[in-house]
Structures are given as structure tokens and as C-alpha cells.
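Produce the entire structure from the sequences given, and follow the hints as far as they go.
Protein chains: 2
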Amino acid sequence: MSDAQLAVLLGRNIRAERYRLGLSQEQLAEVSGLHRTYIGVIERGEKNITICNCKKIAHALNLTLWELIRMCEDFRKPASA
Amino acid sequence: MSDAQLAVLLGRNIRAERYRLGLSQEQLAEVSGLHRTYIGVIERGEKNITICNCKKIAHALNLTLWELIRMCEDFRKPASA
Chain W
1 MSDAQLAVLL GRNIRAERYR LGLSQEQLAE VSGLHRTYIG VIERGEKNIT ICNCKKIAHA
61 LNLTLWELIR MCEDFRKPAS A
Chain U
1 MSDAQLAVLL GRNIRAERYR LGLSQEQLAE VSGLHRTYIG VIERGEKNIT ICNCKKIAHA
61 LNLTLWELIR MCEDFRKPAS A
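Sequence lines, in order, name chains W and U. The opening residue of the first sequence carries number 1 in the UniProt record's numbering; numbering runs sequentially from there. The opening residue of the second sequence carries number 1 in the UniProt record's numbering; numbering runs sequentially from there.
Since the hints were made in silico from the structure, they are not lab data. All residues carry an ideal CB built from backbone N, CA and C; glycine is no exception. Be aware that a few hints might be false.
Simulated DEER-style distance windows between Cβ atoms [what the hints assert, rightly or not]:
1) W/Asn48 - U/Arg44: 16 to 26 Å
2) U/Arg20 - W/Glu26: 39 to 49 Å
3) U/Met1 - W/Tyr19: 24 to 34 Å
4) W/Ser24 - U/Tyr19: 24 to 34 Å
5) W/Asn48 - U/Glu30: 13 to 23 Å
Partial pick of chain U residues on the chain W-facing surface, computed with a CB cut under 7 Å [what the hints assert, rightly or not]:
6) Leu23
7) Asn48
8) Ile51
This is the structure in C-alpha cells:
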């Protein structure tokens, strides 16, 4: 998995878990102690996030860091239609 | 777990796994495609590594990224003597 793919998959998983919890980007930013625009950048997969910031987001989503990352590494493409 | 604790635990786990494989810092740097001095900085817990660089190191140690991070998050202090 390339660096760019990891960043995109991480962003998608963060957004999916945020939706699961019914949180807005503002609420996730507040709980994680990060800026709302930063959350948006990460969800779009546009930045190579640090371990510590990723931990803050994971914990704000009630996940451990390794659980959030495992979602990305275990990702299997959907069967093409 | 504070950011500083995570950085230190990550560094210790990377060093422990490197020792397990009998690799030098130079060899780990070569396999991971990162600089040897960077490996040293990370092993000493002096830097907040990015997810992508941490993935490179994990894979060079024959681990998935989430396995390496889980070692840090599951860490329990040794019973004091």
C-alpha cells in the first residue's frame, strides 16, 4: 500500500467512524483537540498525519490507534460490479 | 498515554524488534528506505513520526503498522521490583 493510499484510506475510515457516531467535523475537532480544517484535510487524505495526531482522532472516535489503522490495512476493495 | 510516552514506547518497540531480527540501524534504514540518523532519532523517542514513515519501519520489521502500534498501546509497566 502506497503512502497516498494509506492517507486516503485513513481519511475514509475516520469519516466513516465519525458518521457512525453522528459527529460533525467541528465536534470531532473539539473532542480531539485539533482544528476543524485539519480534520477536513485528513479526511480527504491530503496529509501524512503524525502518529500522535492520529491517536488523538482515534481516541475521539472511541478507538485505539491500532484499531483505526487496522481498518486501513485490512481494507479489501469491494467486488467490482 | 501522552504523545511523549507514545513516541518513547514506539522507539523502544522498534529497537526491540530490530534486535529480534538481528538488524543494525544501518540495515533497518536501508530496508525501510529512511536515513540511519532518522532511525536513531525515532528509536530514542525524540520525534513524532508520521503514519507513512512508521509504516515503512513496520514493514521493514516484517510487521503490519497496526501490529507495531498495538505493542505500544498494549504496553503494561513491569511490576516494580
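Against the structure, the hints come out as follows:
1. W/Asn48 - U/Arg44: 16 to 26 Å: Because 21 Å falls inside the window, the suggested range holds.
2. U/Arg20 - W/Glu26: 39 to 49 Å: holds, 44 Å
3. U/Met1 - W/Tyr19: 24 to 34 Å: Cβ of U/Met1 to Cβ of W/Tyr19: about 26 Å, so the range 24 to 34 Å holds.
4. W/Ser24 - U/Tyr19: 24 to 34 Å: violated, 46 Å
5. W/Asn48 - U/Glu30: 13 to 23 Å: holds, 22 Å
6. Leu23: violated, 21 Å
7. Asn48: Hint holds; U/Asn48 Cβ to chain W Cβ min 5 Å, cut 7 Å.
8. Ile51: holds, 5 Å
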